[in-house]
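K.L.:
Using my numbering, read the sequence shown as starting at 48 and increasing by one per residue.
Just so you know, the hints here were simulated from the structure itself, not pulled from any lab data.
Computed from a prediction, not measured in an experiment: that's the story for all the values here.
Possibly wrong hints are sitting among the right ones.
What the hints assert, rightly or not - Calculated cross-link-like contacts (lysine-lysine; reagent style BS3-like; alpha-carbon spacing at most 27 Å):
#1 Lys541 to Lys492
#2 Lys269 to Lys249
#3 Lys492 to Lys544
As the list claims (entries may be wrong) - Derived Cβ-Cβ restraints for the label pairs, each shown as a range:
#4 Ser211 to Asp139: 24 to 34 Å
#5 Ala299 to Met584: 50 to 60 Å
#6 Gln167 to Glu231: 46 to 56 Å
Where a beta carbon is used, it is the ideal one built from N, C-alpha and C, also for glycine.
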Amino acid sequence: MTGCGYRYTRARNLPEKSILHSRERGAGYYTKEYATDAGNFNVALVIHPDPFTELPTAFIIEQPEQFKSCLMPHVALEGFLCYVEQMEADWDSNDLEGTYKEVDAQIHQTLINSVSAATQGVNAKRELEGEFAAYWHPSETLFLLSNASRGTTLKTSLAKLLKSDGTTRQEYITVEESSPEDSEAVMTKWLKQRYFPRTSLKEIPISTHYISVNPSRLAGMKWPPSSFRDLLEWLEKSDHNARDRVIENIKAEGKKRYIFLFDVLNQDILAIYVEFNTQSVDFRRHRKSAKNSTVKLAAMLGGKSVCTEYQRLGVIRADIATLLSRNTRRKGAVSLSTKRIALIGCGTIGGYLAELLLRNGAGCGKGSLHLYDDDIYKPSNFGRHTLSSHDFGWPKSLSLAAKLQDSVHLQTKIVGFMEQFRISADEMQKYDIIIDATGRPPVSKRIAAVVRQIPLEQRPFIIHAFNDGNGRASKVFIDDGRSCYGCMVSNPAKYHKGTDSRFIDLDISSEKNKSCGSTYTLYDAAVSSITSSLAQMAVLSTLEPELKWTYNEHILEGGRSLRPQFLPHQPNCPVCNEHK
48 MTGCGYRYTR ARNLPEKSIL HSRERGAGYY TKEYATDAGN FNVALVIHPD
98 PFTELPTAFI IEQPEQFKSC LMPHVALEGF LCYVEQMEAD WDSNDLEGTY
148 KEVDAQIHQT LINSVSAATQ GVNAKRELEG EFAAYWHPSE TLFLLSNASR
198 GTTLKTSLAK LLKSDGTTRQ EYITVEESSP EDSEAVMTKW LKQRYFPRTS
248 LKEIPISTHY ISVNPSRLAG MKWPPSSFRD LLEWLEKSDH NARDRVIENI
298 KAEGKKRYIF LFDVLNQDIL AIYVEFNTQS VDFRRHRKSA KNSTVKLAAM
348 LGGKSVCTEY QRLGVIRADI ATLLSRNTRR KGAVSLSTKR IALIGCGTIG
398 GYLAELLLRN GAGCGKGSLH LYDDDIYKPS NFGRHTLSSH DFGWPKSLSL
448 AAKLQDSVHL QTKIVGFMEQ FRISADEMQK YDIIIDATGR PPVSKRIAAV
498 VRQIPLEQRP FIIHAFNDGN GRASKVFIDD GRSCYGCMVS NPAKYHKGTD
548 SRFIDLDISS EKNKSCGSTY TLYDAAVSSI TSSLAQMAVL STLEPELKWT
598 YNEHILEGGR SLRPQFLPHQ PNCPVCNEHK
C-alpha cells in the first residue's frame, strides 16, 4: 500500500463526519489523496480478511465542497466509491502488489470520470446508467407485482406486522388494478410466502401513480432530495413535465396518501411515499383554478405543515417478466408461457424437468403445464427426486404440481393429474408440446404411432427424455415428424434389437432390482439431472423458427457422446412405415 502512495491513518484522526471515523483503539485505514481537475479527494481503503481474493472497499472521506450533497457517478451515500464490480472482475490473486497497483489506478480513473460527468456532463449517462436508484437509500421496500407503465392504474397495499420483540416489519405491495395480480388468491399467496398473516394487510389501498422521467441531467445535481419540496425542485429542473404530472394527480384526487413510482430513463424505478395534511390545503379550490395553479400548489405541497410524511421506498420488481428476465429467448423464438404442455411421467426426470420448465415460463401465461402420473411418492424415491419427505405417500403428480404452484406468487395454470396420460389423437391435439418422461419404450412407441394419426401441421412436438444403459446415458429425442422414436431404436448402425450397441455387452437385466410391482436401477441422480437439462434444451429449441437438431445425448460411461444431430427416417421402422 505504501508503494502506491497510501499511508496508515488511525480512525480517530479521520474527519468526524466520515463513516469510518471511530474512537476505537487500534482501528485504522490506509488513506491517499487523489488529484482531479476539481480538487483533491481523500480516499480510505477497508482491507478485507483475505486481500488476495477480495478487493479493498474504498470510501471518500474528504472531497471538494462543491460536491457535497451532489450526485456524482460511482459515489454513493456515506462516500462509498464503486471503482470496480468486484463479483465480475478478474485479477491475478497471486500477485498482491500488482493487484493493488491496479486498484490504485482504477480508483484515480473512477474519480476523474466522476468529476468530469458531474461538472461537464462528459459521458454522464454512461457513467450513471443503471446506478441512479442506488444513490438514495430507501427506508422501506415496495414489491411491484405487475408491470408498471404509462396508462396502468396502480394501487398499493401495506402489510404491517408487529413482531414479538416489539419491532415492526412492513412492506408495500403494488399491483395493477383488475390485473391477474389484483386478486385475493395472489395476494394471499404473496403474504404467505413473505411470512405475513392475512390480517397484516391494511384494508384501504394507497393511491399509486407511475411517472416517467426523461431527465435533462442527473450528474452534478443536488441529490438525494431530503424533502418533498426538494424532490419537486429536482423534477422541475430535470423534467418539468414529470413534476406537473405529480401535481396534477394530487390535485385531481385530493387524497391524503400517495405513492409515486418514478421510472427514470435508463435507470431503475425509484418510489416515494408522501402523506398530506388535507386540512391545510383545499384541493377542490385548486382543482377548479387556472392551469398556472400547478406552480402555486407545488410550493404549497412542499411546506412542512402540508407534507407530514415523506419516505423513499426501494422498488423490487416481482412481475412475471422480471421473474423470467434471466432466461432471455433467442431471436425469433416465441414464449414458452403461451404453450400448452403435457409432461407425462413425474419421476426422477419429470420432477427436475417440471421445475426447469416453470422457470422458463411454462404455465405462467396463456398456456398451461399439465403433469400426468399415477404413481405414489415413496421414501425410496427421495434420493433421485425433487420432492421432500413431506410428500411421502402422496401422488407424485399432485405433489409436484402443488410444489410448483407454491414456488411462485403469481397465478399459474399448472395442474397435476393422478392418472396415466390417455394416448389418443383427440387428447394429444389439446397440446403444443408433449414430453414423454416415462422411460418406458412401450409408451414411447405408442405415442409415436398415435401422433401420426394427426395431420402434420396440427401435430404437437413430441419430446422423449430417458436414461439409457441403466444410467450410463442421458438421451433426448424431438419428434417433429421427420423421424420417430421407432426410427431411433431401429437404426441398425446404432441399435441392436432395440438396445444401444454401446451397451450390448452389458448384462442390463442383472443390474435391475425387482420385486413384486416394482423395478428400479441403482445409478447416480446426476444422470436424471442431465437428462432433464437436455429435455429443457429440447423444449426451448421447439420455440425457435427452425430446429437445429432432433437428437442429443450425454454419455457418462461406455463411450463418447454423439454431437446433436437430426435423426433420419429408417425404412425398417415399424412405426413410421405403418402410418405412412
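K.L.:
Evaluate each hint against the coordinates.
P.N.:
Against the structure, the hints come out as follows:
Under the criterion of a C-alpha separation no larger than 27 Å, the hint pairing Lys541 with Lys492 is consistent with the structure, at around 18 Å. A hinted pair counts as satisfied when its Cα atoms are at most 27 Å apart, and Lys269 with Lys249 does not qualify at roughly 35 Å. Proposed proximity of Lys492 and Lys544 is supported: the alpha carbons are some 14 Å apart, at most 27 Å. In this structure the hint that Ser211 and Asp139 lie 24 to 34 Å apart at CB is violated, the actual value being about 50 Å.
For the hinted restraint 50 to 60 Å between Ala299 and Met584, the CB-CB distance of approximately 52 Å keeps it satisfied. Look at Gln167 against Glu231: about 54 Å separates their beta carbons, and that is inside 46 to 56 Å.
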